[in-house]
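**Q** These are the residues of each chain, in order.
2 protein chains.
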Amino acid sequence: MKTSDEFNLVELPSHAPANFHKTATLRQMKSIKQELIALQDRLYAENTRSILVVLQGMDASGKDGLIRRVFSGLNPQGVRIHSFKEPTELELSHDFLWRVHQQVPPKGMIHVFNRSHYEDVLVTRVSGQVTTEEARRRFVAINNFEKLLQQAGTTILKFYLHVSEKEQQQRLQERITDPEKQWKYEAGDENKAKQWPEYRAVYEDVFEYCNPSSCPWQIIPADQNWYKAYAVANALRDTLAKLDPQYPHSKEERPKAKAMR
Amino acid sequence: MKTSDEFNLVELPSHAPANFHKTATLRQMKSIKQELIALQDRLYAENTRSILVVLQGMDASGKDGLIRRVFSGLNPQGVRIHSFKEPTELELSHDFLWRVHQQVPPKGMIHVFNRSHYEDVLVTRVSGQVTTEEARRRFVAINNFEKLLQQAGTTILKFYLHVSEKEQQQRLQERITDPEKQWKYEAGDENKAKQWPEYRAVYEDVFEYCNPSSCPWQIIPADQNWYKAYAVANALRDTLAKLDPQYPHSKEERPKAKAMR
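So the protein sequences, as listed, match chains A and B. All the letters of the first sequence, read from the start, carry residue numbers 0 to 260 under numbering that gives the first Met the number 0. All the letters of the second sequence, read from the start, carry residue numbers 0 to 260 under numbering that gives the first Met the number 0.
The set of hints was computed from the structure by calculation and includes no laboratory data. Treat each hint with caution, since some may be false.
Given that identical chains are not distinguished, each listed pair holds provided it fits within a single copy or across any two copies.
What the hints assert, rightly or not - Derived DMTMM-like pairs (lysine to aspartate or glutamate); straight-line CA-CA distance at most 25 Å: (1) Lys29 <-> Asp40; (2) Lys241 <-> Glu179; (3) Lys106 <-> Glu85; (4) Lys32 <-> Asp63; (5) Lys106 <-> Glu203; (6) Lys180 <-> Glu45; (7) Lys106 <-> Asp58; (8) Lys21 <-> Asp94; (9) Lys106 <-> Glu88; (10) Lys180 <-> Glu207; (11) Lys180 <-> Glu145; (12) Lys183 <-> Glu45; (13) Lys180 <-> Asp40; (14) Lys183 <-> Glu34; (15) Lys32 <-> Glu166; (16) Lys191 <-> Glu10; (17) Lys32 <-> Glu185.
Could you build all of it, start to finish, from the sequences and the hints given here?
**A** This is how it looks when you write it as structure tokens:
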């Protein structure tokens, strides 16, 4: 199924770098959060640019927890999380980007995709719904779609939460044995762990074909929740700092910002 | 224009009750936030009921700040803020509830309306776009719409942020003089303060005709931001505690919760 040999996920670290320690990182996280809150306020007020965060990762890679850790505390008026579930009949009766396009961020906003358009070249390929040829066509469509958004003023951050096969197995097991995690259990969780190698193969294709230097993937070591959240928050902070959004500060500027909405 | 004499906003307090003090209230707010975070997590996991918070108030009554104070810190995956702006041409080519219905909360979610369907019987009446007769028809339509949502498992909380005429004038003035608030200034802000009596009249009609005991308005004294946020957070906490959502705790319960989605 896999058509590329460029990427090898197994060789990429799923653990935090050795020089990172939990207590110090959590402390740093606190100060990054404060910066994020201030920067987001300016992005929202400026109202000319937007940010799209795409979160992908295998089952139990901790996407939900990451969203809570990184985005709670920000002004909820400027942040929207969109979780893509199995497509409905109506959604399936359109092209695969139709439902996704409706959820992209307008100016001033940060939108987070918990799973995304990439599911349509991942789960569909593992299940055999989509051929390699169709997948190749979709890779091109995705690249064009992301370019369209970027040209309209959206900065896209794509994160792959990388958990090892072993860590994933352990987390799926906890959904059965840990009373506080049981509600996350779904029929079929037992089989998911066995599919790690298959998902690895289709992800490696994504990293090969949908990874232009203008819109790259960031592979985040995700076996430890504290490091994962830090890494994503840090990347988001750097991006926002580079955008350096400004409060509109004169009457002349304000109508312009409004008109660009 | 006003058709009822039941409600008199001027007689209702816009200031915190005398026994509330800022420091103690802010401390209490912290503990309410912790309760809210825990209760929201259960609402989301349970996935069978939802909450709609409707926020109304005159210009500069502090809706944006309230949203930040009450809802930041909650898991953003379970909270969505929807700000209703002036309707677009497409929206205007439908009935006035069309665009609103699309944004009501699905099971498990808390949605917050920053302005709402009530604008269509408020600003439209002050501007003279809507006659008293049409307003009366809309009041009935709103009551029926809210009943529909309640019957589908949505708890509706309607808050009116009550600022005095004097406080509103002062806040609008600050948008001109305070550098940090200038970006909120809009052409026409000067006239808004003069419209306080007209808005008062149409709001009083809303409190008369769209205020069934099954879906009442809560008039929140809003001249002080710390009290206003406390009062809304407290009411939301009480509502959630009464709903008492539960984590699905057996395998048999889980599929049922999923199927009701």
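**Q** Confirm or reject each hint.
**A** Going down the list of hints, with the structure as the test:
In this homomeric assembly, Lys29 and Asp40 come within 25 Å of each other (Cα to Cα) both inside a single copy, at 17 Å, and across copies, at 22 Å. For a Cα distance limit of 25 Å, the shortest separation of Lys241 from Glu179 across copies, 22 Å, qualifies, whereas the shortest one inside one copy, 40 Å, does not. Only between protomers do Lys106 and Glu85 lie at most 25 Å apart by alpha-carbon distance; the minimum there is 16 Å, versus 28 Å within a single protomer. Taking CA atoms no more than 25 Å apart as the test, Lys32 paired with Asp63 passes in both settings, with 18 Å inside one copy and 20 Å between copies.
When the C-alpha separation of Lys106 and Glu203 is checked against a cutoff of 25 Å, the pair qualifies neither within a copy, at 32 Å, nor between copies, at 35 Å. In this assembly of identical chains, the alpha carbons of Lys180 and Glu45 lie at most 25 Å apart only when taken from different copies (13 Å versus 40 Å within one copy). Taking the shortest alpha-carbon separations for Lys106 and Asp58, only the inter-copy value of 23 Å comes in at or below 25 Å, while the best intra-copy value is 31 Å. Within a single copy, Lys21 and Asp94 get their C-alpha atoms no closer than 44 Å, and across copies no closer than 54 Å, so neither meets the 25 Å cut-off.
Only between protomers do Lys106 and Glu88 lie at most 25 Å apart by alpha-carbon distance; the minimum there is 20 Å, versus 30 Å within a single protomer. For the homomeric pair Lys180 and Glu207, neither the shortest alpha-carbon distance inside one copy (34 Å) nor that between copies (47 Å) is at most 25 Å. In this assembly of identical chains, the alpha carbons of Lys180 and Glu145 never lie at most 25 Å apart, being 35 Å within a copy and 35 Å across copies at closest. In the homo-oligomer, the alpha carbons of Lys183 and Glu45 lie at most 25 Å apart only across protomers (11 Å), although the nearest pairing inside one protomer, at 39 Å, exceeds that limit.
In this assembly of identical chains, the alpha carbons of Lys180 and Asp40 lie at most 25 Å apart only when taken from different copies (12 Å versus 34 Å within one copy). When the C-alpha separation of Lys183 and Glu34 is checked against a cutoff of 25 Å, the pair qualifies only between copies, where the shortest distance is 22 Å, while the shortest distance within a copy is 32 Å. When the C-alpha separation of Lys32 and Glu166 is checked against a cutoff of 25 Å, the pair qualifies neither within a copy, at 27 Å, nor between copies, at 33 Å. For the homomeric pair Lys191 and Glu10, the shortest alpha-carbon distance inside one copy (21 Å) is at most 25 Å, but the shortest distance between copies (63 Å) is not.
For the identical chains of this complex, Lys32 and Glu185 are neighbours neither inside a copy (33 Å) nor across copies (30 Å), given an alpha-carbon limit of 25 Å.
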